[in-house]
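**Student:** Protein chains in written order, with the working numbering: chain V, 1 to 146; chain W, 1 to 146; chain Z, 1 to 76; chain F, 1 to 76.
Keep in mind that the hints were calculated from the coordinates and are not lab data.
Take the hints with a grain of salt, since some may be wrong.
Under the rule of at most 25 Å between Cα atoms (straight-line distance), these lysine-lysine pairs were calculated in the BS3-like manner [unchecked claim]: (1) 6/F x 63/V; (2) 63/W x 6/Z; (3) 142/W x 63/W; (4) 29/V x 142/W; (5) 63/V x 142/V; (6) 142/V x 6/F; (7) 63/W x 142/V; (8) 6/Z x 142/W.
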Amino acid sequence: MQIEITTDPISPWQRLDSYQQQMPGLVGKVGASAVFVGSMRDFNEDESISAMRLEHYPAMTLKYLQDLVNQTMQQWSLLDVLLLHRVGEVTPGDTIVLVAVWSAHRAEAFAACRHLMEELKSRAPFWKQETLREGGRRWVGKNTPG
Amino acid sequence: MQIEITTDPISPWQRLDSYQQQMPGLVGKVGASAVFVGSMRDFNEDESISAMRLEHYPAMTLKYLQDLVNQTMQQWSLLDVLLLHRVGEVTPGDTIVLVAVWSAHRAEAFAACRHLMEELKSRAPFWKQETLREGGRRWVGKNTPG
Amino acid sequence: MTIEVKFFASLRERVGHSDLQLEPAGITTVTDVWQQCTREAMPANVLMAVNLEYVQSGHPVHDGDEVAFFPPVTGG
Amino acid sequence: MTIEVKFFASLRERVGHSDLQLEPAGITTVTDVWQQCTREAMPANVLMAVNLEYVQSGHPVHDGDEVAFFPPVTGG
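Looking at chain V on its own, in the form it has when it is part of the complex (with noise of 0.2 Å):
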């Protein structure tokens, strides 16, 4: 199990590639993978948007995304979990969010990986302003529910 907040880009295929790569005792008692992968739009409630700025309460922020993931992994009887989640500046085009989890059987995978971003948009604190095509910031006001 892994979690990262981190101001670099996100490769998200290639972090998957080496972080499976890194779990050779579950060869075999994986069935199935269900990934998400949230990336910066370039438009957003009517206005273009250039760029972005992703703030976040670090402490509270690991702790709310460890707590969760426990949970997670306990109540689907996941086989592990990576989640990385960008923060700083970000432009379109960039990954902000991947969460990958991994399990014996489809309806653990896509229930549990579907519950962490759930959960992660509506309580991980992490807030997002974006800088306008036309100037000006502005912070997002809400996440919408999935």
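Position chains W, Z and F relative to chain V; hints supplied.
**Tutor:** Showing chains W, Z and F alone in chain V's frame:
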């Protein structure tokens, strides 16, 4: 959009990495990617499994998957879909299926990825025959609902 | 022309054929195709396709059609 | 010791502070912490945490606690 049925081993994350590099027009449009990877387990219905053979009905499988992907892309306004399925001889740990969808928002990505997998598992004409570690072969009877 | 018939997976082994060509004479439905191919009773869970589309056993069959019989699918 | 108070995102800009240290005298609840930091009314949608856990405004606050106020979260 790409659909491929192959006897070659599938490296899911490397395939996703190279596929996504070929869709530069969608940078900034994609807000969500959902991926499911199904892989071969070494244990099923109380037996250790050493290998498996995947048979299919080539012309119907391809037609079925093309129709399914087209219908799903329309229903959830997806930006792109990649669907890979292995056939022939496989061993534990091998990737059997990869379904990846790209969309503007996460609800559509999750729902469409799930829909593609459930329809594929219940309707696409593939069949699995397992080789038991203790000797003998057996056909898998049916897929369980997700 | 003929009717092309295909059997897959465990049903192929049970019926003993993977491909058959049938003369269309006397064939109206998918059930007729089955009965011309084998004396086995049609299993309750058999799936059927005509020209690559799922159908029911009463579906009409015409000269030149491809008819397939197979067990429940187990891909993915 | 003191009570450590943090404000984030739009609330940090509105209140004009990111970090404050308060003397614990006279402070019993999270609401008391807010009122010692600013004359602004507490927004209806504000979220609050004590020692990195979500709480409600009536939650007790003790010397040495870390108290945070922030707007609805927008990560992911």
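**Student:** Run every hint past the structure and note whether it holds.
**Tutor:** Status of each hint after checking the structure:
1. 6/F x 63/V: holds (16 Å)
2. 63/W x 6/Z: holds (16 Å)
3. 142/W x 63/W: holds (22 Å)
4. 29/V x 142/W: It holds: about 20 Å lies between the C-alpha atoms, which stays within 25 Å.
5. 63/V x 142/V: holds (22 Å)
6. 142/V x 6/F: Between residue 142/V and residue 6/F the Cα gap is close to 20 Å, so the pair holds against 25 Å.
7. 63/W x 142/V: violated (42 Å)
8. 6/Z x 142/W: Status holds; Cα separation ~20 Å.
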